[in-house]
Amino acid sequence: MNKPYAIIIGLEVHVQLLTSSKLFCGCSTAFGAAPNTQTCVVCTGTPGALPVMNRQAYLLSVKAALGLNCQIARLTKWDRKNYYYPDLPKGYQISQYDMPLSRDGHLDIPDPEQEGQVRRIRIIRAHLEEDAGKSMHDEVAGKADSRIDLNRAGTPLLEIVSQPDLRSPAEAKNYLTELKLLLNYLGVSDCNMQEGSLRVDANINLHVATPEGNVATPIVEVKNMNSFRAVERALAYEAQRQWELWQETGQRIGDVPKQTRGWEEEAQITRPQRSKEESSDYRYFPDPDLAPVTISEDAIAHVRQSLGELPADLRTRLVGQFGITPYDSDVLVSQGRPLVDYFIAAAEACRDGKAAANWVQQSVLRVLNERQMPIEQFPVPPAELGRLIDEVQSGKMETSRGREVLAEMLATGKSAAAAIDALGIVQVDEADLETLCAELLASNPKVVDDLKQGRLKAAGALIGQAKKRNPNVNATRVREICLQLVQRM
Amino acid sequence: MSLTDLSAVELLDRLDARHVTSTEVVQAFLDRIERYDRRIGAFLRVDREAALDQAAAVDRKRQAGEALGRLGGLPVAIKDLLATQGEPTTCASRMLEDFRPPYDATVIARLKAADGVILGKTNMDEFAMGGSTENSAFRLTRNPWDTTRIPGGSSGGSAAAVAAAMAPLSVASDTGGSIRAPASWCGVVGLKPTYGRVSRYGLVAFASSLDQIGPLARTVEDAALLLEVLAGHDPRDSTSVDRPVPNYTSSVGRPLERLRLGIVPELFGDGLDAEVAAAVRVAVDVYRSLGATVQEVSLPHGKYAVATYYIIAPCEASSNLARYDGVHYGYRTDAQKAAARLEAERKALEQAGDRAGLDNLDTALVRMYRQTRSEAFGPEVKRRIMLGTYALSAGYYDAYYLKAMKVRRLVREDFDRAFEQVDLIAGPVTPMPAYPIGEKVNDPLAMYLCDVYTACTNLAGIAGLSIPCGFSSRGLPIGLHLQAPAFEEERLLRGAAMYQRATAWHTRRPSLDGE
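Line by line, the protein sequences are chains G and A.
Take 1 as the starting number for the first sequence in the numbering used here and just add one per residue.
Take 490 as the starting number for the second sequence in the numbering used here and just add one per residue.
Worth flagging that the hints you see were computed from the coordinates, not collected in a lab.
Incorrect hints may have been included.
[To be verified] Below, simulated DSBU-like cross-link-like pairs (lysine-lysine); rule was C-alpha separation at most 35 angstroms, straight line: (1) A:Lys826 / G:Lys134; (2) G:Lys3 / G:Lys258; (3) A:Lys826 / G:Lys180; (4) A:Lys792 / G:Lys81; (5) A:Lys892 / G:Lys77; (6) G:Lys134 / A:Lys895; (7) G:Lys467 / G:Lys452; (8) G:Lys81 / A:Lys892; (9) G:Lys81 / A:Lys550; (10) A:Lys895 / G:Lys258; (11) A:Lys892 / G:Lys258; (12) G:Lys134 / A:Lys792; (13) G:Lys258 / A:Lys871; (14) G:Lys77 / A:Lys836; (15) G:Lys396 / G:Lys414; (16) A:Lys836 / G:Lys258; (17) A:Lys836 / G:Lys223.
Turn these sequences into a full structure, and let the hints steer you where they fit.
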């Protein structure tokens, strides 16, 4: 990794808040309705209509900001960001300019370079604003109609701006993953990139080591990235492009105006966006239609109490309480709180956290993936899974048999005990097992010879025959007993 | 005596006593509009049938013994910037010539709920920008006292309608004097309430932090009646204030005892017409004779009011009017013609090999915006959009908008201090009586300076009222300006009414048949 430069990345993330209505009117925010059916005189900018703030959206933003360790402003206000675009019906966006609702926070993210370590990424500010509508154009300007859907116009967006503390595309991806997880846990946003409820813009440049010290290259803003993976790839591409450009031109920050580039998923490259789209003077000024918003220390404390257990704390607790590895804990926590709750219930039922973690990761998650199902709909209650795990751990059956039991439980809705009965699983008595092994050895002299000569693989044939005669035998025990008997011969 | 000579309160008494029906009252005013408005030009639209239907409905309710609203079938004229559902609401602009709002403004809903009968929509300066109603895209409104003169603005249609007794009541808006100045020039009563007293929901915004809806009427009692209907908190307007509305009509007859009246000596300096100054001084003497003590107070930042106002109002207007872009409603340029012209320009530039010209050429969208706004806004609106856009631009914001907001706070503090010493402040409304049509059309600055006494009220967010206090030697009405602290409309109305009872200026009527 010893590149002669450092990559400097800052991210601006917009997340749609999980409110049922828009930021300044009562229209629904549900996704997927027919165009322009979720609009009213306020969000269409009809002359004379006035905005009224949705306090729920504000409080959700405060919650997110507290989760990001931000300072909450006791007084915040609304500003107009003036620009013309057909999907912006008022000709301005109501946003927050110089008095955001929160500032100066941080988010700890896993260090992609060092397993188990965290990197602290500082947050400059998180503020609330309204979304614009959606334009759908034909490619050739002026030749065909553009269509505007204002269902999204006025939807509350939280903009979270990081310091340029990220040092690699992988860190950027980890930051987004951690941010999304946090906001999910807080119930602030579903962060669904496909539905546009999370959007990312990145600012990136290089600090190149030169004999005269570090030199910063021009900052480029990258837009139009539609997945976390796209962000990672676009930033990797952009870093390489900037490195090559630096070698070619030696351009430093300030030599050229800040450029905006769009990520093109098909071509896997960034391309400059038209310069006319970049240079804007938004003429911010306080929105005279809206009163400043105040919040008391008590109200902030009240929101703080409602945060619940955050992902980072939960990861630590699972490791300490259930003895699972940090890796397993991370996998479980990343799946969201409902899955963690399922795990905890199963682990408590079987009193074996490690086994429960394995079962949840290997069996439960596989089924959820296959069936595209959330954990809330998983048919086997965690206590029943716990009982099954308990039976397996006590040696009543092997793990593979246990999986068959789980399949039976999933297929029929039976309890663990009923499914075990249905499959005819009973623990084989030790004496019976020895008799069986002796019989097998007697009828397989070739195998006995092989074993005597140390060709231990030959035992596999005995296990197969044993299973045929009694499916409940434990393969490991069969092998152990057979080897003991041969030794005694 | 004809019905249209009566005040709204007198008409309401007769309606309630069933001496007359709402239909008769409305018909009388419609007849008068029919007869005189061709000459005056107060109305942009009169919907006779709708008004008569509404009146008949009120009459039926009254006959059936149902409870009636406060206006009980009285006709009201509405400034054409208040949204009326399904009816044109043009703001006297080509831009909104065909615009029909899908909703009623809160004040319209309140009027309807109070059984007011809407006569029609009155003329105004385009988007309420102007002081003479000469900026209407549709028609000229003449002063009923002298039809060669302006009625004032921006609510010139409303003031002229009331002065010419074509309506007993009118609802208008005041951003820097738009109710009070035309009231003064047309010899009627006009009240700008405290900012937040009346809901702005459905008022097509000019300058949101200054706009306020208020009544115009021929008497103080009528203004009190209408304000009582208009005022009140509205959850749909975040700037409306949740305070109880006093019963203005029941208190308006009680004189203010031991009234302390403030006068501001600096307002009587240069630029004030001698006849106006004299009339105002005489009015102050009337207050003395009624037992008031008169005290000088100072508004040291008042001299910056016009400059401050003409920064803040255009800044807000430039943003409020951005929505008129031809995309969602209102006027749109002929897109095909615009595209064809753009194409021709592109070809010409290509042939000339003008690379820079090609780079600067509009996109089709920008050209549509540009053409739409060029064609549909009048010159004064364009001037203010440009002023505001400039003042909000990067590098100028601190010097203009921010500075203006600081001065605005100082103006408000001036009033706070003054009102520690006095109950009301009296002064002139306008520097001169109504001027001839066309006189200041090409001198916007002279027109802006007419707001010198009224803009302060809006900057401070307090209440102000104009009441007739005399006539010039040419027979033109002169108004007395009274200002009260925020939410002291009751005091303002009582103070105005005690003056009105002691004088007869409000009983004079313009002669419309003389020509």
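Hints, verified against the model:
1. A:Lys826 / G:Lys134: Between Lys826 of chain A and Lys134 of chain G the Cα gap is close to 27 angstroms, so the pair holds against 35 angstroms.
2. G:Lys3 / G:Lys258: 24 angstroms, holds
3. A:Lys826 / G:Lys180: 49 angstroms, violated
4. A:Lys792 / G:Lys81: Satisfied, since the Cα-Cα distance of roughly 32 angstroms is no more than 35 angstroms.
5. A:Lys892 / G:Lys77: Between Lys892 of chain A and Lys77 of chain G the Cα gap is close to 19 angstroms, so the pair holds against 35 angstroms.
6. G:Lys134 / A:Lys895: Answer violated: Lys134 of chain G to Lys895 of chain A is near 39 angstroms, above 35 angstroms.
7. G:Lys467 / G:Lys452: Holds: Lys467 of chain G and Lys452 of chain G sit about 22 angstroms apart, inside 35 angstroms.
8. G:Lys81 / A:Lys892: 20 angstroms, holds
9. G:Lys81 / A:Lys550: Distance of about 50 angstroms is beyond 35 angstroms: violated.
10. A:Lys895 / G:Lys258: 34 angstroms, holds
11. A:Lys892 / G:Lys258: With a Cα-Cα distance of about 31 angstroms, the restraint between Lys892 of chain A and Lys258 of chain G holds, given a limit of 35 angstroms.
12. G:Lys134 / A:Lys792: Status violated; Cα separation ~48 angstroms.
13. G:Lys258 / A:Lys871: 33 angstroms, holds
14. G:Lys77 / A:Lys836: Violated, at roughly 48 angstroms.
15. G:Lys396 / G:Lys414: 18 angstroms, holds
16. A:Lys836 / G:Lys258: Holds, at roughly 32 angstroms.
17. A:Lys836 / G:Lys223: Holds, at roughly 33 angstroms.
When each numbered hint is compared with the structure, violations occur for hints 3, 6, 9, 12, 14.
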